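What follows is the residue order along each chain.
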Amino acid sequence: MTMPLEELQRTMCAAVMQPLTADEDMQPRDTTGRWSGRAMDEVASGFIAPNDRLTAFERLEIYNRQYWFRIQSAFHEDFPALRAVVGSDRFEALMNAYLAQHPSRSFTLRNLGSKLCDWLAENPGYAGRRLTLALDVARVEWAYIEAFDSAERRSLNDEEVAAVNGDSRLALQPHLQLLALSYPADDLVLDMHQREQRETSEAGTRPELEDEEESTPIRLRKRPTWLAVHRSDFSVYYKRLSAPEYRVLTTLREGKTLAEALDAGFTGSRLSATTQLSRVREWFAAWAQLGWICIPE
Amino acid sequence: MSGNRFNAFKDYGVGIGLRIPHYEHIFAHKPGVDWFEIISENYMVDGGRPLQMLDRIMENYRVVQHGVSMYFGSAQAPDREHLRRLNSLVKRTNTPWLSDHLCWGSVDGTYSHDLLPLPYTWEAVEKTAARIREVRDFVEIPVAVENVSSYAEFVDSEMTEWEFLNEVVERADCGILLDVNNIYVSSVNHDFTPMDYVNAIPAERVAQIHIAGHTRYEKYILDTHDHPVIDPVWQLYARAIERCGPTPTLLEWDDRIPSFEEVWAEARKAERYLEPVKKHKAVEHEEEKQLAEVAQ
Numbered sequence: 001m002t003m004p005l006e007e008l009q010r011t012m013c014a015a016v017m018q019p020l021t022a023d024e025d026m027q028p029r030d031t032t033g034r035w036s037g038r039a040m041d042e043v044a045s046g047f048i049a050p051n052d053r054l055t056a057f058e059r060l061e062i063y064n065r066q067y068w069f070r071i072q073s074a075f076h077e078d079f080p081a082l083r084a085v086v087g088s089d090r091f092e093a094l095m096n097a098y099l100a101q102h103p104s105r106s107f108t109l110r111n112l113g114s115k116l117c118d119w120l121a122e123n124p125g126y127a128g129r130r131l132t133l134a135l136d137v138a139r140v141e142w143a144y145i146e147a148f149d150s151a152e153r154r155s156l157n158d159e160e161v162a163a164v165n166g167d168s169r170l171a172l173q174p175h176l177q178l179l180a181l182s183y184p185a186d187d188l189v190l191d192m193h194q195r196e197q198r199e200t201s202e203a204g205t206r207p208e209l210e211d212e213e214e215s216t217p218i219r220l221r222k223r224p225t226w227l228a229v230h231r232s233d234f235s236v237y238y239k240r241l242s243a244p245e246y247r248v249l250t251t252l253r254e255g256k257t258l259a260e261a262l263d264a265g266f267t268g269s270r271l272s273a274t275t276q277l278s279r280v281r282e283w284f285a286a287w288a289q290l291g292w293i294c295i296p297e
Numbered sequence: 001m002s003g004n005r006f007n008a009f010k011d012y013g014v015g016i017g018l019r020i021p022h023y024e025h026i027f028a029h030k031p032g033v034d035w036f037e038i039i040s041e042n043y044m045v046d047g048g049r050p051l052q053m054l055d056r057i058m059e060n061y062r063v064v065q066h067g068v069s070m071y072f073g074s075a076q077a078p079d080r081e082h083l084r085r086l087n088s089l090v091k092r093t094n095t096p097w098l099s100d101h102l103c104w105g106s107v108d109g110t111y112s113h114d115l116l117p118l119p120y121t122w123e124a125v126e127k128t129a130a131r132i133r134e135v136r137d138f139v140e141i142p143v144a145v146e147n148v149s150s151y152a153e154f155v156d157s158e159m160t161e162w163e164f165l166n167e168v169v170e171r172a173d174c175g176i177l178l179d180v181n182n183i184y185v186s187s188v189n190h191d192f193t194p195m196d197y198v199n200a201i202p203a204e205r206v207a208q209i210h211i212a213g214h215t216r217y218e219k220y221i222l223d224t225h226d227h228p229v230i231d232p233v234w235q236l237y238a239r240a241i242e243r244c245g246p247t248p249t250l251l252e253w254d255d256r257i258p259s260f261e262e263v264w265a266e267a268r269k270a271e272r273y274l275e276p277v278k279k280h281k282a283v284e285h286e287e288e289k290q291l292a293e294v295a296q
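Chains as they are written, first to last, in UniProt numbering: chain Z, 1 to 297; chain R, 1 to 296.
Same shape as in the complex, but just chain R (with noise of 0.2 angstroms):
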């Protein structure tokens, strides 16, 4: 696959986030999964089985760092113990890039461990890109900021979230980790098409891409992560996928985990979208390499 300068020119396929109950199974059965997502915070420890377990994955497989409160959009400055847990943990797992969400968390040094929505106003682009600045500059990687699932909006919001997320990235000169299940939360959430959010992307900033599972309510929808990816988010994945090109791709299952195969099954599901891109690409590749030849 071809990476770009946000995803550290990594060529990374599919991969499954690594979670505790598979443990065993990856151990015993070495499954040939391309990468794994870790969630940051929950190696962001002194010692003990979570490092030992997280060293024993980094003999096998290539690992991705994935945040949860990191909290670009929190207006406040990031938490330096938190920053030096997070590159220190960087230069464990050599993270090719860094990953986390444009949202907001934590306000006058409490958290809500929640990924909560943003306004979309220009006060809030600013600061947002600066924080995402102020972090890719510690840790020293691409970073790589996620759309996420919301359910409330603003009045004071003064353009759409992918208008909001074109500026930040801008601003920031950082990537986008396309979560194409939040595009489809949000849209029924809020009531947008979809499909216009994911045409309205900047392609080339696309460092990675999540899919995932949800729960409908009534009057909502829920990102739950503990369902299999329903056919609307597969269709917005090969949309996205026929716009960036390959890109590394994850599945997210955090609740309700079924058994390691069928996580896997449902992720390898990506590659019926990713392998025709590929082909295509790779032709693409090869009539240009012949005009130069032709040309020279």
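Only chain Z is shown next, with the shape it has when bound in the complex (with noise of 0.2 angstroms):
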């Protein structure tokens, strides 16, 4: 009987995105369960034909394969930076299980690690003893995929900024990310990305990410550090942010008025009126310099 060609399908994506043996093979016997641990030859025979070279279960190997590789090839793109602080073992390991926990929801592989940094924050165990420093890391590339294409949005004018008051609710340039992070994570992810490439194709092959050298990325110590990744002229920075204008610009990203947003900035401080105003002016010369200030939708 002709199996409904949605059945089919459901069948073929369950076993060509099952994990691969450490040996990069398909696994000899069902693993996700669907199949109630069966050997895959019986599985791979039921909907897969064989031809005079190869079993039903070696041509389902062959997109089994081709799946891993390429998503693993993709993975490995975004986050080089995670890979030199957690090394290349693990690095595998936290890469294989993320990936098959969270296959990609996305007609484009760019989404990929989306839900890499809450993912990581919950099976600590896979960053080893550097999770802190691994999840600062995770987020910086993350936010650098987010900062290279995400939308740019007419930025307030001058005469806009001059009309601003406690009253006024702001949006932020959907590009720039904020993150507030336990290391100067920024100093090594600069580092080890010194190019960036990613692009979607048809190739079919495995990229030689064995024949890749181990990066050793630079030392760095734990300090708390505020920081804006955003896009100008095309290209993605890095700026330093100060820790009342990062909970500012939080603020204001949450919708607050620019009062609550200023009122959250300066919780606690110490700094005089005059002082906290002086800080105020000027960090909205930078943003206003920057286009970061949008009008909300």
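The hints are simulated quantities; they were obtained by calculation from the structure and are not laboratory data. These numbers come from a predicted model, not from an experiment. For every residue, glycine included, the Cβ atom is placed at its ideal position computed from N, Cα and C. Each hint should be verified, as a subset may be incorrect.
[To be verified] Some but not every residue of chain Z turned toward chain R, in silico, with C-beta under 8 angstroms:
#: 1; residue: Arg10
#: 2; residue: Val16
#: 3; residue: Arg53
#: 4; residue: Phe107
#: 5; residue: Ala151
#: 6; residue: Arg154
#: 7; residue: His175
[What the hints assert, rightly or not] What follows is a list of derived Cβ distance ranges for each label pair:
#: 8; chain 1: Z; residue 1: His193; chain 2: R; residue 2: Thr193; range: 44 to 52 angstroms
#: 9; chain 1: Z; residue 1: His193; chain 2: R; residue 2: Asn94; range: 30 to 38 angstroms
#: 10; chain 1: R; residue 1: Ala200; chain 2: Z; residue 2: Glu6; range: 23 to 31 angstroms
#: 11; chain 1: R; residue 1: Phe192; chain 2: Z; residue 2: Arg154; range: 52 to 60 angstroms
#: 12; chain 1: R; residue 1: Asp231; chain 2: Z; residue 2: Arg29; range: 39 to 47 angstroms
#: 13; chain 1: Z; residue 1: Ser232; chain 2: R; residue 2: Glu24; range: 14 to 22 angstroms
[To be verified] Chain Z regions said to be covered by chain R (calculated; three or more residues, Cβ under 8 angstroms):
#: 14; segment: 62-73
#: 15; segment: 108-120
#: 16; segment: 230-239
Using the hints, build the complex out of the two chains.
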């Protein structure tokens, strides 16, 4: 009896996405529970025809390998600094566990790592002893991806900036990413991201991952760091922020008024009102120059 | 070159795939490439450098969009966000036609990012044709479907691949992006005669042709787009051109990408086959014109 198309596609998808063995072969038995642990050659024979050179299992295995090689390659490209921090072997385990739990839910591989930071926080064992640094680095690398190609809206002009008052609600550029970190991880990521090249293609080949030399990351000391990852003239930049500046920006992004954002920014501050005002003017001048402030939609 | 309604009657010649490693050379030297094919998904973003680069390319070149994840053969409805972004890019590029693959690759919202083969069944014919029509109606430009390389066949298949392709394009009333390298790869992997495939396709529906290289392993061939085009594939190309007439032709090179000059030189080999056919067509056209004048 013919298998309905949708059922066949669910079946093949589950088989293709089943994690490979340590030797990068297809699992000899079902490990997903979908087929109750049955032998995969039986599963494959249920819908794939063999030929005189390849069994149904071997034909399905080609797709199983291609799937993993492709998404592993994309993940490697997106998180080179994380790989350097946790080490190659641990990174492979981390990557495979993450991708098994979070396969792509988007038409583009660009979004493959969108859940990585939350997942790593929930699964700290995969990061080893350097969890905090690994989390910081993953956040910076994901912020880079967001800043690289997120939208850019019209920023406020000088007249609009002059008209801003305490009741104003302001939006921030979609490409502007705000991070509170335990390490100055931008230094490490900047050092590792010597070259960014992400492109979708039809090529079904395994990248030369195993030939890559393991990069040694620069050593960092723990130091609270507030960071803006943003785009200017089509390039991504990192700008360190002060803690109050970070709090003002994140409060504005939550949709609060400027007065509320400033309150949040200077809570507990010992600065005089005059100094605070001076700081706010400096920040606004910088934000306006960088085009970070927009009218809410 | 003569066009047809599936490529908006465009007379595009030989092009190559637009790839990041070649940007610098293209901007610096402005080589005389007739057109570039872009992978739609690389530019379906909200902003930033990808779109800036695309806009710069379009200042000097014509581009045609080629997708890798519309998955015409997926049994479920297309993702609306994908369609919206695709349509937005179509408006930006003014691509005369749009192509994607005769395959599937997603189910229940999970994407394989691979070009998975379809079972050649009547159910798949109907569902695939319906989805092609839906996409074409959304983007409002001609759509061409590309035959893929495959490494597996299904026990449920009821017809040959070319019979399946013909049924789909007939029901969808769409064009074909004929990939002669994919025909060759699949012919070795599935033991059929590739020329039978080329001879069976409806020539009047071929909007575009792809040529590419591949990698041969002991028991199968993988479509890797990382080598020059081999002679047997050029022979299939020659026959396709003979049947279809001069057709927009594109060389794909996606991995281990060599210099721009090397890729462009490989693509231009297609002109050896195109030029004689173009001359022959021109003579035929002239003779028809003279006959018409005599008749008057």
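Structure-based check of each hint:
1. Taking 8 angstroms as the C-beta cut-off, the interface hint given for Arg10/Z holds, the closest approach to chain R being about 5 angstroms.
2. A least Cβ separation of about 6 angstroms between Val16/Z and chain R falls short of the 8 angstroms threshold, and the interface hint therefore holds.
3. Using the Cβ-Cβ criterion of 8 angstroms, the hint placing Arg53/Z at the interface with chain R is satisfied: the shortest such distance is roughly 4 angstroms.
4. For Phe107/Z, the shortest C-beta to C-beta distance to chain R is roughly 4 angstroms, which falls under 8 angstroms, so the interface hint holds.
5. Hint status for Ala151/Z: holds, given a least beta-carbon distance of 4 angstroms to chain R, under 8 angstroms.
6. Hint status for Arg154/Z: violated, given a least beta-carbon distance of 12 angstroms to chain R, over 8 angstroms.
7. A distance limit of 8 angstroms between C-beta atoms decides the matter here; for His175/Z the minimum to chain R is near 7 angstroms, and the interface restraint holds.
8. A C-beta distance of roughly 50 angstroms is found between His193/Z and Thr193/R, which places it inside the suggested range of 44 to 52 angstroms.
9. Our hint of 30 to 38 angstroms for His193/Z and Asn94/R holds, since their Cβ atoms are close to 34 angstroms apart.
10. The hint said 23 to 31 angstroms for the Cβ distance between Ala200/R and Glu6/Z, and at roughly 29 angstroms that hint holds.
11. Take Phe192/R and Arg154/Z: their Cβ atoms lie about 57 angstroms apart, and the range 52 to 60 angstroms holds.
12. In this structure the hint that Asp231/R and Arg29/Z lie 39 to 47 angstroms apart at CB holds, the actual value being about 44 angstroms.
13. Roughly 21 angstroms separates the CB atoms of Ser232/Z and Glu24/R, a value that falls within the hinted 14 to 22 angstroms.
14. For a cut-off of 8 angstroms, the count of residues in the segment 62-73 of chain Z with a CB near a CB of chain R stands at 6, and the three-residue condition holds.
15. Three residues within the 8 angstroms Cβ limit are the bar, and the segment 108-120 of chain Z against chain R gives 3, so the coverage statement holds.
16. With 3 residues bearing a CB less than 8 angstroms from a CB of chain R, the segment 230-239 of chain Z meets the requirement of three and the coverage assertion stands.
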